[in-house]
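Novice: Fit chain B to the supplied structure of chain A, relying on the hints for placement.
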Amino acid sequence: MDQVFFFYFALVIAASSVLVVAMRNPIYSALSLLIMFFHVAGLYVTLHAEFLAAVQIIVYAGAILVLYLFVVMLLNLRQDDRYHRQWPVAAAIGSVLAIEAIVLTLLKGGTAAVVRTGQESEAAGLGNTEALGDVLYSTYLFPFEVASLILLVAMIGAIILAKKDLEGRQA
Amino acid sequence: MTVPLSYYVALSAVVFLTGLLGVLVRRNVIIILLSVELMLNATNINFVAFSQAFHNIAGQVFVFFALTVAAAEVAVGLAIIIALHRAKSTINVDEFQLLKW
Chain A
1 MDQVFFFYFA
11 LVIAASSVLV
21 VAMRNPIYSA
31 LSLLIMFFHV
41 AGLYVTLHAE
51 FLAAVQIIVY
61 AGAILVLYLF
71 VVMLLNLRQD
81 DRYHRQWPVA
91 AAIGSVLAIE
101 AIVLTLLKGG
111 TAAVVRTGQE
121 SEAAGLGNTE
131 ALGDVLYSTY
141 LFPFEVASLI
151 LLVAMIGAII
161 LAKKDLEGRQ
171 A
Chain B
1 MTVPLSYYVA
11 LSAVVFLTGL
21 LGVLVRRNVI
31 IILLSVELML
41 NATNINFVAF
51 SQAFHNIAGQ
61 VFVFFALTVA
71 AAEVAVGLAI
81 IIALHRAKST
91 INVDEFQLLK
101 W
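Residue numbers (this note's numbering), protein chains in the order written: chain A, 1 to 171; chain B, 1 to 101.
Some residues of chain B that are not near chain A, with every Cβ distance over 10 Å (derived):
1) Phe96
2) Gln97
3) Leu98
4) Leu99
5) Lys100
What the simulated footprint calls covered on chain B by chain A, stretch by stretch (three residues with Cβ under 8 Å from a Cβ of chain A suffice, anywhere in the stretch; the number is not a length):
6) 10 to 16
7) 19 to 32
8) 38 to 52
9) 63 to 77
10) 82 to 92
Note that these hints are calculated values from the structure, not bench results. All C-beta atoms in this analysis are idealised placements derived from N, C-alpha and C, irrespective of residue type, glycine included.
Next comes chain A alone, as it looks inside the complex (with noise of 0.2 Å):
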């Protein structure tokens, strides 16, 4: 059954990434991305990381997605852009990565048993947003800080970028 809804959203999950880089139109790109943010929330419900799932709707498909949607919009662009002239070095280099996770995936025979390490959160019967927020906002406190300044930062930084000019000053 794992293995039924586990390839389900895997084939979703790569159809629709394709989608997302062949698609002429913009927009079209943006809802396959859509798609597939949905169904990485649902590999993340069937990896008991039901805080993340949601996390993953509400940023991703909730905010990031909608401003993406935002600024195609807004540029009101045309369709005639289509493959760079570069597509030679991406077929190399494409190929050469996929040739060598193919090899690898082949060969899992070096493939170390799993390994059980500690900090077991999920051990101590807690639920996962409660063990997620337990070692959040105690083993991880400072980058969770460092965070907040980068959000900070990209905001201000956003204003500052997309303002047609600086008191008077010619942008």
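Specialist: Just chain B now, kept in the frame of chain A:
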């Protein structure tokens, strides 16, 4: 876990490769940013799968931070795209050659 870990790694590799090809091949800056989102999601799938396999919640914490950085990247990237479109009224990357020698 009945689904082997290597299946998740293979799915993540496929999504990452698709995103990489999108960055290299497409000329629309918005599609390039969308492909970067694909690559970030591929790493997130890997993080969550390994977090489940090793019974260690730290992987999910890192997905949380990757999400934060992705949101910041999108905000700044789209602001740059709007500024570029205002300057040259196109978002085709072939048109932006100011720093090219």
